[in-house]
Amino acid sequence: DIDDVGHKYHLELVLEDVLDKDSTVNCTAEVLYHLGNKNLPPDVQFTIEGELKNADEADNIFYNQIKSLEKELVAENIPDSHGNVPPEMEPIRLLAWVASGYVIWQNSTENTKFQLAQIKHVKQVKRSDEYLEFDYRILLHEMVSQEIIPWQMTVLWHPQHSVQVTQDSRQPKHASE
Amino acid sequence: MKILLVFAAFVAATCSEQLFVGDQVLRITPSDEEQIALLRMLGEQAELQADFWHHPTSPGRPTDVRVPFPSLKTVKNLLECNSISYSVMIEDVQELLDEEKKTMKSRRRVRSTNTFDFASYHTLEEIYDWMDTLVDNHSSLVSKFQIGESYENRPLYVLKFSTGGSNRSAIWLDTGIHSREWITQATGIWTANKIAEEYGQDPSVTAILDSMDIFFEIIINPDGFAFTHSSNRMWRKTRSINAGSHCVGVDPNRNWDAGFGGSGSSSNPCSETYRGPYAHSESEVKAIVDFIRSHGNVKSVISFHSYSQMLLFPYGYKRAPVPNHQELNELAKKAVSNLAAVYGTKYTYGSIVDTIYMADGTTVDWAYDNGVKYSFTFELRDTGRYGFLLPSTQIIPTATETWPALLDIMVHVLEHPY
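Respectively, the protein sequence lines represent chains A and B. Under the working numbering, think of the first position of the first sequence as 1, with each following residue one higher. Under the working numbering, think of the first position of the second sequence as 1, with each following residue one higher.
Careful: at least some of the hints might be erroneous.
Not the full set, but computed from the structure, chain B residues with beta-carbon under 10 Å of chain A [to be verified]:
(1) F116
(2) F118
(3) S120
(4) L124
(5) G165
(6) W182
(7) A226
(8) T228
(9) R233
(10) D251
(11) S271
(12) E272
(13) I356
(14) G384
(15) L389
When the alpha-carbon atoms are kept at most 25 Å apart in a straight line, the in silico BS3-like pairs for lysine-lysine are as follows [what the hints assert, rightly or not]:
(16) B:K286 <-> B:K318
(17) A:K120 <-> A:K53
(18) A:K113 <-> B:K346
(19) B:K346 <-> B:K333
(20) B:K318 <-> A:K113
(21) B:K160 <-> B:K333
(22) B:K346 <-> B:K194
(23) A:K21 <-> B:K194
(24) B:K373 <-> B:K286
These are computed hints drawn from the structure, not numbers from a lab. Where a beta carbon is used, it is the ideal one built from N, C-alpha and C, also for glycine.
Here chain B stands alone, though its shape is the one from the complex:
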């Protein structure tokens, strides 16, 4: 449809301006053969100039028609008198064309975060470019800095959201630690943009950022991510070479120094849960460890994964509950309930070991054991129907429903300083 509109716009530009002011596109759903015959008759009435984008075929199948402004009343009357159901798909075709022209023009200039397509999956380059755009568009709030380099020497970037102060209490957010979990990086971009937009608008976001900083690493594992685009969509680990093995990569979520080396990870370099030769062997992990340690004031770590639809907290490496298990459990319960309120998506919640499986050397267990009391892992959509290959049409719904849950946690952190 968009391509049709673009062609129409070019035609309009060469012939005369404003060919489609007030025209509407109606989606008509005929319920029986009689209604279909009526629609066909409509098409045959030359003076109405009804422009069928989809022709009427069979009952129950929608038909799209562009109706010129002068004929609108007549056509709508005809439909209504014959009880033919329709809806207005495009309120004003000319407006849409004008928007499109603007969009296409501005794409050639400095891009705005308003025209970034959040509903698609992007490449590493596109995401890194977008980060700079975000900083440009919100320069008083957002900055970007580098915490290290990946195995293949790609920069590891972190976005900092701050309204000032000096070494304020902070919340750490991350996505893309496992490269094949594409919904996480995509949700990360949308969420970072949302935080920037809502500062000064949403009372919770404003309250949080007025006292605390947010650090957001959207792509923890850029080597793996590049590999999912170039070679193997199902790649999970880093791309580090393992001495003495033909198998590549370490599971960055088994490489942290918390219960490192137990039965919740593998000692086999060919395994998807290979822990690595030693804790923090991966530069991607070490960079974060060093950052959080030297910062010294991180109060919450929230890490995003997919898939399973779960909200998890420590521990994964042992069965013993954390001291504030009840608090984390209640917070998870609330967050999950607010997530479900958006589109009905059901999440389960609990400690990692109770809810999903035994896993050692994880990000959140390390954070917790290093004093970060509010450590959570989200496992985003879905529960296996598409798994890692979640359709891009679900990006915005996923990010949208996760947002209130994320806010619940961040607000709780704000209101429970320690």
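The shape of chain A in the complex, shown without the other chains:
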């Protein structure tokens, strides 16, 4: 507890590569949840001990695959109801996961626990520069309230640059559902 400021947590965690369970890296972090203003995202400071695996090859393969498409990519329901993800959609799903991490961070409080539940719709946006742009409509699952929250996010990416969420907004839930 930090009087008049908020609650600070000191964390020691192990990061595990989703694609290679044996590849782990230690991490320490400090998270400060602000008192009062619930619209302020928590402050996060972290240190990674060691290096994250190099993903250049996979990044370039994915980048070139998308660049060589004749029409802009469009897809829905990833994963589908049965949890299936077509292999060619896996990088699209991973990209959404990273980007949703940013959205989740910006909207977290001490009383929320978000997960990316599903990509309802993704559409590639044509660009004149070298970046790839995707317009995602995702569903976030908030564990405490058990709510499924539709969210829109625009994601920019290029192999040599980090993922950017240039725009995101919470969407209204359908009344019929």
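Using the hints, position chain B against chain A.
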């Protein structure tokens, strides 16, 4: 691959019988370009008749080849002499074809629980049909009865596993209370089948069923389940109409009369944790309440949910620990350890309020407050990577690892009568 085999079978049927006796399918993984060149040469040797299902492309990528029986020795020697790693994917192609033909034939007749695909997610109709098949296949042990109707008038079925007696002590199991948690209904089917199969085989299952009955409701919430198939995969609640609101449904796991109406549930009909207008307002919940009350001899209630990988016990509606907290905690610890021993899946455990969040009006809290000392909730796989959309490839592993944990609890109940 299966489709290829089926075509092959038809071809065989029209030409001559038994075209593939002793043939094997090898999965070969070339480690460099030299090995790939060797494989290509193999394919070009006409007398060997090697039938490539996947062609050699790049190092590290597996190649599948059907090798006719007469050429097996030659091909394997070639691979072994050149240190090309391979494994036998199919030991006898003809055997597999014969199996498939049998399976396809029998599907048209009375189905057997041996051919039900436990590794897929099924519809409500398919699950209800399968229940009848289970009863047919194990009629001296399993029976099905109805405890009520859902809001939309669907039957609420319970499977009873019993070797006789009259109103024996019983264990209640349920899955599918929250319709979007598909891994639970899928695990329920596998587990019900497992119980039926293991009676008379597994000493623990046999001991349990020789003294006690098991009641298993696989789909507590059929309206919600049908809705997840037809309209909204993420639907959680029942489908009851809420007076004065355009929002539908009540959270059946906040509707029980245990701490009903507290901060661990919502008063808003549009909320996923809406408690309902009053306790037991939902016919799906009331049916179970009435059954367990009138039975009078239920000693354990085990309810399955997903996701989070947790094993929980009461209370969710208050912080105070239950009188036998230590006993339940030790049992949970043991069960979770045996679950992890199967595939390494890690579970946390503890009371609901300590481990997950405050939740009132839950099934297990009600059961506990009504005398059922051994009340547990499982939160099955995973921890959020796929969440509710758990790939069907994980159904059998999930059910398989959960089984020893479930047995631990049931055996403890058997050995601690009260």
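When the nearest CB of chain A is found for B:T228, is that gap smaller than 10 Å?
holds (8 Å)
Given the hint that A:K120 pairs with A:K53, does the C-alpha gap stay at or below 25 Å?
violated (30 Å)
Regarding the pair B:K286 and B:K318, is the alpha-carbon distance no greater than 25 Å?
holds (23 Å)
B:D251 as an interface hint toward chain A, with CB separation required under 10 Å
Holds, about 8 Å.
Keeping to a limit of 25 Å between CA atoms, is the pair of B:K160 and B:K333 held or broken?
violated (29 Å)
Quick check on B:R233 please, does its C-beta sit within 10 Å of some C-beta on chain A?
holds (5 Å)
Does B:F118 hold up as a contact with chain A if the rule is Cβ-Cβ below 10 Å?
Status violated, d = 14 Å.
Identify whether the interface hint at B:L389 stands, where standing means a beta carbon of chain A within less than 10 Å of its own.
holds (5 Å)
Between B:K346 and B:K194, is the straight-line Cα distance small enough, at 25 Å or below?
holds (23 Å)
Using 10 Å as the Cβ threshold, decide whether B:L124 counts as touching chain A.
violated (14 Å)
Checking hints one by one. Is B:A226 an interface residue toward chain A, by the C-beta closer than 10 Å rule?
It is violated, given that the least Cβ distance between B:A226 and chain A is near 13 Å, above 10 Å.
Restraint status (C-alpha distance of B:K318 to A:K113 at most 25 Å):
holds (21 Å)
Of the hints listed earlier, those the structure fails to meet are numbers 1, 2, 4, 5, 7, 17, 21, 23, in rising order.
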